[in-house]
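S.K.: Kindly produce the complete structure, drawing on both the sequences and the hints.
2 protein chains.
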Amino acid sequence: MSKLFKIGVDAMGGDNAPAEMVKGAYMAIEKYADVEVTLFGREDEIKKHLPATHERIQIVHCDDVIPMDIGDPAMAIRRQKESSLVVASKAVKKGEVDALVSAGATGALIAAGTLLVKRLKSVERPALAPIIPTVKKDATTILCDAGANSEAKASFIYQNAKLADIYAKTVLGIQNPKIGLLNIGTEDAKGGVEQVEAFALLKNDTSLNFLGNIESKSMISGEVDIIAADGYAGNIALKAVEGTAKDLLGLLKDEIMSTTKGKMGGLLLKSTFDGIKEVVNPKTVGGAILLGVGAPVIKSPGSSDAETFMYAIGHAKKAVENDVVSKIDVALTALKETTE
Amino acid sequence: MSKLFKIGVDAMGGDNAPAEMVKGAYMAIEKYADVEVTLFGREDEIKKHLPATHERIQIVHCDDVIPMDIGDPAMAIRRQKESSLVVASKAVKKGEVDALVSAGATGALIAAGTLLVKRLKSVERPALAPIIPTVKKDATTILCDAGANSEAKASFIYQNAKLADIYAKTVLGIQNPKIGLLNIGTEDAKGGVEQVEAFALLKNDTSLNFLGNIESKSMISGEVDIIAADGYAGNIALKAVEGTAKDLLGLLKDEIMSTTKGKMGGLLLKSTFDGIKEVVNPKTVGGAILLGVGAPVIKSPGSSDAETFMYAIGHAKKAVENDVVSKIDVALTALKETTE
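Here the protein sequences come in this chain order: R and C. First residue of the first sequence? That's 1 in this note's numbering, and the numbers climb one at a time after it. First residue of the second sequence? That's 1 in this note's numbering, and the numbers climb one at a time after it.
Please note that the accuracy of each hint is not assured.
The list cannot tell twin chains apart, which means a pair is met if one copy fits it or any two copies do.
Cut-off 35 Å, straight-line C-alpha distance, at most; resulting in silico cross-link-like pairs (DSBU-like, lysine-lysine) [what the hints assert, rightly or not]: (1) Lys137 <-> Lys48; (2) Lys136 <-> Lys31; (3) Lys3 <-> Lys283; (4) Lys217 <-> Lys137.
Derived from the structure by calculation, the hints contain no laboratory data. The structure presented is a predicted model; accordingly, all values stated were derived computationally and were not measured.
M.R.: Okay, here's the thing in structure tokens:
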């Protein structure tokens, strides 16, 4: 029998939890023959939504749930020891499962990943690396960091580029990923002290395919494979993209629905709008990985439905299968030794 | 005879300069009976595009032009002394004209405003304050700072809010402008040290209608009248909005044009798309004002056509008419005295 990839699933995190998470886990089991899922959460609720029992699905009952609107994630992680997220994270740390997937609060998952799954010693700060769909056919862009660490230091930005580079090569199969540094202009000397220093670090690292600075106006243009950023600027850029897309498409929908002519036009353009929705709210991307911790930790969008969540589980499997964590640890340990 | 507002116009700055700038200036003269325009630039080229001579249009010949893709704006301002932008800025400083309008390179205009029109002594750093159209009917949002000063310090962010508040009240006639602080979350304690300190400064100032933190996903939602930001984050957020809107609408257009059904749908939705284009690329907003310098300095978009540029001249007139510069100077001088 071939190796099984054991994915730990926080069944209680997400706007549509546990129903969609449980269904998504079942879909994943059917889609990926080499995946085994352990569902962490309230057993009775999980059982209610599970289409059938399955030899590759286990349930670990947890009484507590960390809510989506948690104010102080680190505190919640420390206090809510019986929560599905904390119990699942500890199971990852103990090696009982190989990876963790959650659609719960982003801050809580980052805290759980950093404090419980634990940061790799070779990594200064873990970084969240969502895959952003772009308007360029079949091109996506990894943003790293999207907000796991809000401190803007040159060494963090450089490290974020390294983490994303290894992830892109290992998990996504991108041969020589093009890297841009998020900045307020494209000229070499743009930005503040930290950006200028990060630029130099990236430029001097001949193992990286560094193209120079990139502006946030190119976030969904598909010009590069990786946008390296401090978590503060990355978060601002990503949320601006998401909010603008949502607001513009909402406006378009309102206008279309307001007249008969509009409704007719909308019908004719249905397939067009569906294509654009996939850019704005992609199901198949499989969530964002938290890089720099001891196992793959995947954040599925809070609004995930079963299909989206299934792909997040597939993403976790791919990260385990390709051993991205060890590869990061080896590369960043070597880097640390040369710079110390 | 009533007072004339003397607007200095850099006729050579902009992607469509001088043709559209000169035509726009002529349109402004016809629209605003109390405006007098001085066009700075190459006299022969200006005359070629001017529909007719007019008693309220003067020309000041300047040999040189600062290009749109200028790498080092501050250096250009110092060296290109015969350029239209430098000569126009000096005319503002000398009081020969009351305000300056340019569609030239943003960095060059900020440098000219700061170094030649000169910063007000009461203001730490000038800030660029574009008016962002939103998806909410008749609601716009001022972003301050959009990138004049890329250093993120709490006192700068607080000052940016003050500048925008006075501008909103004085020039835009907004009674009690709602202010949000751009941040990576809506909770009070979000962000780094500077954001937390800026939050406290804003909260303690009872003259401001401060609503708390706002995320970049709300950039075009119209929730607040003013988004206060450091210039770095403001620039990142604004360009992400602009790029996303442009890329998504471009994709929509490509898809529509690719099939007959799409083209028919597109025709039926023409008025809808026109409405959305106005949100994305507004003609009537009148450009962005540089706040904190000794006279109104207006940046019209680089892609300005004559109509857009006419509104930028109207914006400059309104800023002079309502004496926003003196009001800023009085308020920030008082603030400086209480904090020193």
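S.K.: Confirm or reject each hint.
M.R.: Taking the hints in turn, this is what the structure says about them:
In this assembly of identical chains, the alpha carbons of Lys137 and Lys48 never lie at most 35 Å apart, being 40 Å within a copy and 45 Å across copies at closest. Taking identical chains as interchangeable, the C-alpha atoms of Lys136 and Lys31 lie at most 35 Å apart only when both belong to the same chain, with a minimum of 28 Å there against 43 Å between chains. Taking the shortest Cα distances, Lys3 and Lys283 sit within 35 Å of each other inside one copy (27 Å), while across copies they are farther apart (61 Å). With identical chains, the CA atoms of Lys217 and Lys137 are at most 35 Å apart both within one copy (18 Å) and between copies (25 Å).
The structure fails to meet hint 1 from the earlier list, while all remaining hints are met.
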